[in-house]
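Undergrad: Dock chain A against the given chain R, drawing on the hints supplied.
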Amino acid sequence: MSFEEKGRWAYMIVVLIVSAVYFAGVLGQVGVIPVSEIGYVRPMITAIIATIVATIVAYIVVAISAPSEADKKDERDKNINRFGESIGYSVLGLLILLPLGLAMAEFEPFWIANAIYLAGVLAATISSIVKIVAYRRGF
Amino acid sequence: MGKPTKVTNSIRALRFANDEMTQADLADRVGVTRQTIIAIEQGRYSPSLEMAFQVARAFSVPLDEVFRYPENNE
Numbered sequence: 001m002s003f004e005e006k007g008r009w010a011y012m013i014v015v016l017i018v019s020a021v022y023f024a025g026v027l028g029q030v031g032v033i034p035v036s037e038i039g040y041v042r043p044m045i046t047a048i049i050a051t052i053v054a055t056i057v058a059y060i061v062v063a064i065s066a067p068s069e070a071d072k073k074d075e076r077d078k079n080i081n082r083f084g085e086s087i088g089y090s091v092l093g094l095l096i097l098l099p100l101g102l103a104m105a106e107f108e109p110f111w112i113a114n115a116i117y118l119a120g121v122l123a124a125t126i127s128s129i130v131k132i133v134a135y136r137r138g139f
Numbered sequence: 001m002g003k004p005t006k007v008t009n010s011i012r013a014l015r016f017a018n019d020e021m022t023q024a025d026l027a028d029r030v031g032v033t034r035q036t037i038i039a040i041e042q043g044r045y046s047p048s049l050e051m052a053f054q055v056a057r058a059f060s061v062p063l064d065e066v067f068r069y070p071e072n073n074e
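Chains R and A, in that order, give the protein sequences.
My numbering puts the first residue of the first sequence at 1, with every later residue one more than the last.
My numbering puts the first residue of the second sequence at 1, with every later residue one more than the last.
So that you can see chain R by itself, here it is in the shape it has in the complex:
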């Protein structure tokens, strides 16, 4: 498995774990207290920063585990990355219609912000899956 492929796995796992923890903590309060009183801003910012930091740490760990491959990236890696990103952007473009609709319907900012975050998480996850499948099955 190349350094870039390991990186895709690391990023996807980080995104899934951090978002699962976030959604479990924040959405768990829905129905218990009014949505307008749920403090989601700090947890969401923390989740976004945690995703960035954990991904960087994961890349460093992957690089240390196989130093000889750490700086190797070729045209196949670039092509797979470009392909995965294009799918990810398409997914994001589609999913962003959900918070747009929520905003037009004047839902609570809580739902709009979380729908945007969910769209980002799903787009990142699908993009990562596409890249990993491309690495595994061919491209």
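If you are wondering where the hints come from, they were derived from the structure by calculation, not from laboratory data.
Each hint should be verified, as a subset may be incorrect.
[Said to hold, decoys possible] Subject to a maximum C-alpha distance of 27 Å in a straight line, what follows is the list of computed DSSO-like cross-link-like pairs (lysine-lysine): (1) LYS73(R) with LYS6(A); (2) LYS6(A) with LYS78(R); (3) LYS6(R) with LYS73(R).
Quick caveat, the model's predicted, so the values are computed rather than measured.
TA: Just chain A now, with coordinates in the frame of chain R:
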């Protein structure tokens, strides 16, 4: 996504004919990762024209001795 390429290659045979060159050695000569050489060899990746020439040059043979494309779009 992941469509199998129609391009076939003789990289494996050429490696063995060249003092059993390893995939890692070929990767170093071409300037790509070993995983990319494996993917090309197994028909899971169709390289760019430039990379295809580099692979052929690593074996000192013409391009069509390394890569072939079926006729009549079979």
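Undergrad: Give a verdict on every hint.
TA: Here is how each hint holds up against the structure:
| no. | hint | result |
| --- | --- | --- |
| 1 | LYS73(R) with LYS6(A) | holds, 25 Å |
| 2 | LYS6(A) with LYS78(R) | holds, 21 Å |
| 3 | LYS6(R) with LYS73(R) | holds, 12 Å |
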